[in-house]
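K.L.:
Residue strings, one per chain:
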Amino acid sequence: MTALDSLVAAVLDEVRRQAGADAAAVVRAESSALALTRFAASAVHQNAADERTTLHLQLTVDGGRTATASTTRTSSAADLVTATLAAARLRPRDADWPGLAGPAPLVSTGNPDEATAQASPAERAAAVAAFVGAAGGLSTAGYVQTSSSTVVLADTAGQHVRGAATSAACDGIARLSGADGVARSASRRFADLDPAALGARAAAKARAGVDAVPVDPGRYAVVLEPAAVGDVVAGLTSGQFNGKAVVDGTSGLRLDEQQFDEAVSLVDDAAGPEATGLPFDTEGTPARRTDLVRDGVPVGLTTDRRVAAALGSSSTGHASDTSATAGPIAGDPALAPGDGGSVDDLVAGLERGLLVSDLWYTRVVDPKRSVWTGLTRNGVWLVEDGRVVAPVSTLRFTQSYLEALAPGAVTVGSVVDPQPGRLTMTYAGTNRFAVPPLRLASWNITGNTTG
Amino acid sequence: MADVPRTVEAAAFDAAAAAVEAALAAGARYADARLVDRRYESMTARDGDVRALTQTTSAGLGVRALVGSSWGFAALGDPAGDADARRTGARATEIAEASAAVPGPPVDLVGVPAVHGGWASECLEDPFDVPLAEKGDLLTGVTATMRAAGVAVAEASSQAWDTRTAFVSSEGARIGQHVRECGAGMHCLTVGDGETQRRSYPAFRGQFGTRGWELVREIDLPGHADRIAAECQELLTAPSCPSGDTTLLLGGEQMSLQIHESVGHAIELDRILGWEAAFAGTSWLDLDQLGSLRFGSELMNITIDPTIPGALGSFGFDDEGTPAAARDAVRNGVWVGVLAGRDSAAVAGLDYAGSVRADGFARLPMVRMTNVGLEPGPHTLEEMIAATDDGVLMEHNRSWSIDDRRLNFQFGCEIGWEVRNGRKGRMLKNPSYTGIGPRFWSSLDMLGGRAPGEWRAWGTPNCGKGQPGQVGHTGHGAAPARFSGVRVGVRG
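Protein chains in written order, with my numbering: chain A, 1 to 451; chain B, 1 to 492.
Simulated from the structure, these hints should not be mistaken for laboratory data. Treat the hints with care, as some may be off.
[What the hints assert, rightly or not] For each label pair, taking beta carbons as the anchor points, the in silico distance ranges come out as:
| # | chain 1 | residue 1 | chain 2 | residue 2 | range |
| --- | --- | --- | --- | --- | --- |
| 1 | A | Pro214 | B | Gly141 | 48 to 54 Å |
| 2 | B | Gly194 | A | Ser177 | 56 to 62 Å |
| 3 | B | Ala11 | A | Pro214 | 57 to 63 Å |
| 4 | A | Arg352 | B | Asp389 | 40 to 46 Å |
| 5 | A | Gly349 | B | Gly150 | 48 to 54 Å |
| 6 | B | Asp129 | A | Pro407 | 56 to 62 Å |
| 7 | B | Gly194 | A | Asp295 | 22 to 28 Å |
| 8 | B | Glu171 | A | Arg89 | 46 to 52 Å |
| 9 | B | Tyr352 | A | Arg16 | 54 to 60 Å |
| 10 | B | Arg217 | A | Asp295 | 51 to 57 Å |
| 11 | A | Ala86 | B | Gly469 | 29 to 35 Å |
| 12 | A | Arg89 | B | Arg439 | 52 to 58 Å |
[To be verified] Over the 10 Å line for every Cβ pair with chain A, so calculated as not near, a few chain B residues:
| # | residue |
| --- | --- |
| 13 | Glu9 |
| 14 | Ala52 |
| 15 | Ala75 |
| 16 | Leu76 |
| 17 | Leu109 |
| 18 | Glu276 |
| 19 | Asp286 |
| 20 | Leu350 |
Model, not experiment: these values are computed from the prediction. Using N, Cα and C, we set each Cβ at its ideal position, and we do this for glycine too.
One chain only, chain A, in its complex shape (with noise of 0.2 Å):
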């Protein structure tokens, strides 16, 4: 038994007696430890490492009084206990509570690879080294993170399982003359990780993107590189496959109908080879595959148990510490590459448009449609008869990403090259969105830095 193990056991043993046989509990004891090498001007300025062991419970008594808690002091399972149960004891009887999990196998045990796991401020320092050196004398910004998790669940109805995870990331900028480039990279592996290919990358696109000028707003077609495509994505996979935005009604997915291009296909891998997640869900959920669309038809939502209850459908294992208020998102998501070849070839079929490296600080305007503001981060260029012409200034838009996938306004790249989640690195780490690159028939380009 491990020392996991036992703090679960322990925290269970105290369940019964604090609130006897019929009290319905999840425990999860969680060991992380996230470590992150932050660089600017080319040089580490921050270098942090954080490790912890976090014991949380759920626990139900009378048939709906839930509470959740958690706490770094592990050595004191008896207030836990008490405290979460005097909490749930004073909560009133909720009557759409979902229950427990119970046993269910797992599909895997996760992907920890442990030479991630192991990664020592030195290994970081010379992958931060690496990206520096590549960048040929830019100045350079930017992370590399390793960060692991070990996770013991057990709930009271039977279900007891173990899975461990890893990621890494390397996310650098390169900047010249008030033009930035950049290049990311996510895996479950560390080793995967080629921090200078991704800074002579960064640096070969700062090039590019000195002496930009603004263009007029208005609808333009555009080719996302995989930086912005991962954006879009999370998106999408928070907003509109989300279960409990469609139990919200501010979801505007038509599932079953054709509502994108049959070029689209997205799932959320989190059971795959690759995925950086753990896999089960907080609620002890073995994760699985769940396909969200197929051929340009949705098809599938994300859900933990209550909203699955509401749905009438049964868990896809996406329960967080966070969904009941943010609702349950896809940790893994995967868009299908598709027959549109490189980024350079989706540009070649470009008659006129703009070729985005990112996007920034996108908001939603309008849940329902899927309405987004945001901006053009690190590099735009114009596009005219298949070739870029002249590097952009850094555009606002405010665009449906529903619309801008419709059918007919999709050309979906061939590679998939895969991103660190930036709106959703959670403690353990950085999710890891798989997506190519995309071509879209349009873009609504609102506004530019000068107005």
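The hints should help you fit chain B onto chain A, whose structure is shown.
P.N.:
Relative to the frame of chain A, chain B by itself:
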């Protein structure tokens, strides 16, 4: 100087001191350590039921070490004793030594007094002493009221934090702080044909402060539930905000976010120096223009003031041990001050720090907003409306977005009203506006705050920054204001 609050345990200082000693013994030339014990509680109700009740305890040690020009930071949850504390201190130095493989320019720290003392926030009614049943009754009651009034979804929530920190530095500082914060808010949604509308009170995320539960009682959620539910339904049939350039009047809550996003973040010195270039972004401000750059109109007076009683960004000392002090950021429209830390100030040639904060024990202290607010102006909202021939009044934030230099912003609000011939007219839905920071602030031509209650220190409990991500608590004094020639009604 106040004494260390009795609620900060002596043993916490022992652990922090041991960590600092170990960091120095391992080769650091400076070190500081914080033993942080934070308790948090949140309750969320929805449609008449308590939907989530969470309590967390996060206790641990965070240590900074400076080796040459390189920093290292190590954190450990719930250190078991002296050995754990010393191991964490030594690890911070080890990490700093690794940082030195990719070194930067020499690092100095502007001086701060080595204080032995403490601070505690004012708290009349400890939020953790308020019975959960009472909180539940409040939150379920207002959501039931809104649902009964016909909205599709009604949610309300409360949050409370109790944070006790023992800070020790290798320069001799030994500071204890006990900060209690809380707040609450509610919102509702209505769903129409292809649209949703939202109303919230008292702010879109609620109102928060370094105060006790008395804050929640004062905002009187029950007294506003029927109103926002009715407005939320009325919005479904209201005309859309027109598109074009017009006179824009903003309510105080929206002004607080406008200040936060377009001024507060822009004056963060780490951004100005490029230290956040890859993520949070930089700033359009150039240090060479500090003291001369026109940021806005003469009505624009922005202060950095962590001493405001009860405001969410208040403290006695920042997380580098710098005593809280008020400072001008913009005076009569001219940019004159920044949010700084000890190292960033030294790089910039400034002689003040005081705005470095960390989100709990496990995160590196970094430049953060404290209370960054706009001083009250000479007008009232009533006077602004009366003086406007053609404009739009907008209230309560719904969405926000701003570029990485903090120039181009676009905000959506929950509700708007036409202002015609000096009168507030029809309700408008989906109001939004966009602009460029200094141009927008230069168009500030009337500023409220003269009427009682118009100026308020709004609390923002979820300011994101840093990698790994940190959530900051900031305050923003704000009052209604009027701007000329602003583009409104941006469509998607």
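K.L.:
Decide, hint by hint, whether the structure agrees.
P.N.:
Each hint tested on the structure:
1. A hinted range of 48 to 54 Å holds for the C-beta pair A:Pro214 and B:Gly141, which are about 52 Å apart.
2. A C-beta distance of roughly 45 Å is found between B:Gly194 and A:Ser177, which places it outside the suggested range of 56 to 62 Å.
3. At roughly 60 Å, the beta-carbon separation of B:Ala11 and A:Pro214 lies within the given 57 to 63 Å, and the hint holds.
4. Evaluation of the 40 to 46 Å hint for A:Arg352 and B:Asp389 yields a pass: the beta carbon distance comes to about 42 Å.
5. Separated by about 50 Å at the C-beta atoms, A:Gly349 and B:Gly150 satisfy the suggested range of 48 to 54 Å.
6. A beta carbon spacing of about 58 Å between B:Asp129 and A:Pro407 agrees with the range 56 to 62 Å that was offered as a hint.
7. The beta-carbon spacing between B:Gly194 and A:Asp295, approximately 25 Å, falls within the hinted interval of 22 to 28 Å.
8. Look at B:Glu171 against A:Arg89: about 49 Å separates their beta carbons, and that is inside 46 to 52 Å.
9. For the hinted restraint 54 to 60 Å between B:Tyr352 and A:Arg16, the CB-CB distance of approximately 57 Å keeps it satisfied.
10. Distance hint check for B:Arg217 and A:Asp295: the Cβ-Cβ separation is about 56 Å, which falls inside the suggested range of 51 to 57 Å.
11. The given range of 29 to 35 Å is respected by A:Ala86 and B:Gly469, whose C-beta atoms sit roughly 31 Å from each other.
12. Checking the proposed 52 to 58 Å range against A:Arg89 and B:Arg439 shows it holds: the Cβ atoms sit about 57 Å from each other.
13. Every beta carbon of chain A lies more than 10 Å from that of B:Glu9, the smallest distance being close to 14 Å; the non-interface claim holds.
14. Against chain A, the non-interface label of B:Ala52 is violated: not every CB pair exceeds 10 Å, the least being about 4 Å.
15. For B:Ala75, the non-interface assignment is contradicted: its Cβ lies about 4 Å from the closest Cβ of chain A, within the 10 Å cut-off.
16. Taking the minimum C-beta to C-beta distance to chain A, about 6 Å, the non-interface status of B:Leu76 is violated against the 10 Å cut.
17. Every C-beta of chain A lies more than 10 Å from that of B:Leu109, the closest at about 14 Å, which supports listing it as non-interface.
18. At the 10 Å boundary, the C-beta of B:Glu276 falls inside the reach of chain A, the nearest C-beta of that chain being 7 Å off.
19. Against chain A, the non-interface label of B:Asp286 holds: every CB pair exceeds 10 Å, the least being about 12 Å.
20. The beta carbon of B:Leu350 is kept farther than 10 Å from every beta carbon of chain A, the shortest such distance being approximately 18 Å.
In the structure shown, a violation is registered for the earlier hints numbered 2, 14, 15, 16, 18, in ascending order.
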